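Working from the sequences, and respecting the hints, build out all of it.
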Amino acid sequence: MNGTSAETLEKALEKNRYEWVEKLQELGRELKRDKAGLIGVILITALVLMAVFAPMIAPHDPTDQDLTARLAPPVWYEKGTWNHMLGTDHLGRDVLSRSIHGARVSLWVGAAVVLLAGGFGVVMGLMAGHLGGRTDAFVMRWIDTQVAFPGLLLALIILAVIGPSLTTVVVVLALNGWMVYGRMTRSAVLSIRQSPYVEAAEVVGCRWPRVIFRHILPNLTSPLLTLAILEFARIVLAEAALSFLGLGIQPPATSWGLDVSMGKNYMFMAWWLVTIPGCAIAVTVLAINLVASWLRLISDPQEREKQYARHMAGAMRKKMQATIEKESKVP
Amino acid sequence: MIGQANEATPRAAKDGAAGSPLVCVKDLSVIFDAGRAGFWGRKRLQVHAVEKVSFDIHPGETLGLVGESGSGKSTTGRAILGRVPVSSGTIYFQGKEITHAGKERVRALSRHMQLVFQDPYASLNPRMKIVDIVAEPLLVHGLVKNTKEAAGEVAQLLELVGLPPDAGARYPHAFSGGQRQRVGIARALALKPQFIVADEPVSALDVSIRAQVVNLMQDLQARFGLAYLFIAHDLAVVRHISHRIAIMYAGNIVELADRHLIYESPVHPYTKALLSAVPVPDPPVQRARQRITCPGEAPNPMDPPSGCRFQSRCPYVTQTCRDTAPVLTSRRPGQTAACWNC
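Chains as they are written, first to last, in the numbering used here: chain A, 1 to 331; chain B, 1 to 342.
If you are wondering where the hints come from, they were derived from the structure by calculation, not from laboratory data.
Note that the coordinates shown come from a computational prediction; the quantities given were computed from them, not determined experimentally.
Virtual Cβ for every residue (Gly too), placed ideally from N, Cα, C.
Misleading hints may appear alongside valid ones.
Stated by the list, open to error - Covered by chain A, according to a simulated footprint, are these stretches of chain B (three or more residues, beta-carbon under 8 Å):
id, stretch
1, 113-127
2, 153-164
Stated by the list, open to error - Over the 10 Å line for every Cβ pair with chain A, so calculated as not near, a few chain B residues:
id, residue
3, Q94
4, Q218
5, R223
6, Q335
Put into structure tokens, the structure is as follows:
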């Protein structure tokens, strides 16, 4: 109808299509300013790369036994060799290779559980919050009941009955972890549902699925993202705990928790058997937490501005100091 | 503040009055449940938000709805739009009853009547581009298949409300309050409705922006023959835009009259008190004026008094007022009021 104005709009839309590249660049600049967040992101990227390319990086097959080199110490000991850089365990398996391969299990279980538990929890929370009434009461009582029951106990019972495997570990941890997503989503939905833009969507004639998925869910993403990342760290620990207890990952597969549990029998002769995989767990969890706290900061515009101001103030202070020093040198 | 030059044209009102009303509200009551009280919860609490409210709105006419907060103006508007359950009374739209319309009926009716919100900052989804916000009504009613198809229409709507068409590519946070309210109006206009409920559309805006938005609404009315239910508490704005004005107090309409009659010869004591509170921009006149005050508070909507709801504050209160509630009766051509003593 109105050709020119429509074209203007389309052109403007076309131009904005690549906005996200700029946003990504801005995010990168902000990451540089937050050193802790930067370390976290680097560590996690390294871990993910390590997990993906494990067969190429690891010097040995993680299950290869070398009984002639049992309990070999790391390279910096007199008896250590470069062949087994971080030593070997009681069956002569390379500790470094096992730790590299262990990252695969930890990250895979973490990602799968977060997706499964997060997906289920968010859907339940959305239903409870939006539909209200009996659905709400039912879902919330269900969550209360499950939260009241010790999670590890439930996991142990299920794993003992069904039998441990990678899939059951994922399912059990997801069953244990969805409640926190459900609760948080519900409470956020309750507040967002009252907001005028949701009413506007309804007045305009949106049906409820569209209201939920176009209007409510997108406004939940930043808190949910932070929660998911923190949960990821918890899951990595939980998987290690289950494997340590012998109900998680089963040999010949490798997992950090499993290695720690097998190494504990030799703790006084070969400390590296528990320390190396233990450190791997600790570093992973720390890195995830660093990233989570950085994400929480940047998803809050106020905190983001504060941080920017702090950075600018620091830069100005440095500049001023530099000029003062320069001036004092001149005479 | 707002120039007298382009005041609402009384023509439209007079023309409309001859035809059949677009919206007809008869004895509308809205009662909310507020839980239970007392030992064992035997006493049911009910909030009488709106009680026995009747008015007509003709095509191309603006009815101003004025009252203090909690007087039931917004509830009345929302009841017409089917967003609040009606306890009793009837609502007609284009001659058809829509009082207890179901979900799908309300959805179908949303093509004919729309809502403009009070808070332009909260009524636009911060995660959606303007183009998606304005195109959404067209999309959900199946008039277009995707936003791209709607681009032409959206661009036109944006120009109509005085925004550049490339504004559509941006997010709401890039706009000022007045501009956002224009986006809200564009969204309401997208389905080409005949009737718009404007729920305090300018009370969140700067005084300088108010006039612009009110003038825009008037231009749109002249162009498309829209009917407005204009809810406000700013008497100057209401005077400017309305053809007729209804004054609400504690869920009742106490006076309903043509604009000039309300301002020049108010009948109801509450209307008089309300108008005397508006300062006149002329110091000597203002100093000479006598402020009518009605001490006291509005009755508790959970427990309204029998009889007239204004009785506790009315200077002319009599026994009749305490026993029986007055109904709107004609005082002059074009002026009705609900009072026993005036």
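Okay, the hints, checked on the actual structure:
{"no.": "1", "hint": "113-127", "in the structure": "holds (count 11)"}
{"no.": "2", "hint": "153-164", "in the structure": "holds (count 7)"}
{"no.": "3", "hint": "Q94", "in the structure": "holds, 18 Å"}
{"no.": "4", "hint": "Q218", "in the structure": "holds, 22 Å"}
{"no.": "5", "hint": "R223", "in the structure": "holds, 15 Å"}
{"no.": "6", "hint": "Q335", "in the structure": "holds, 33 Å"}
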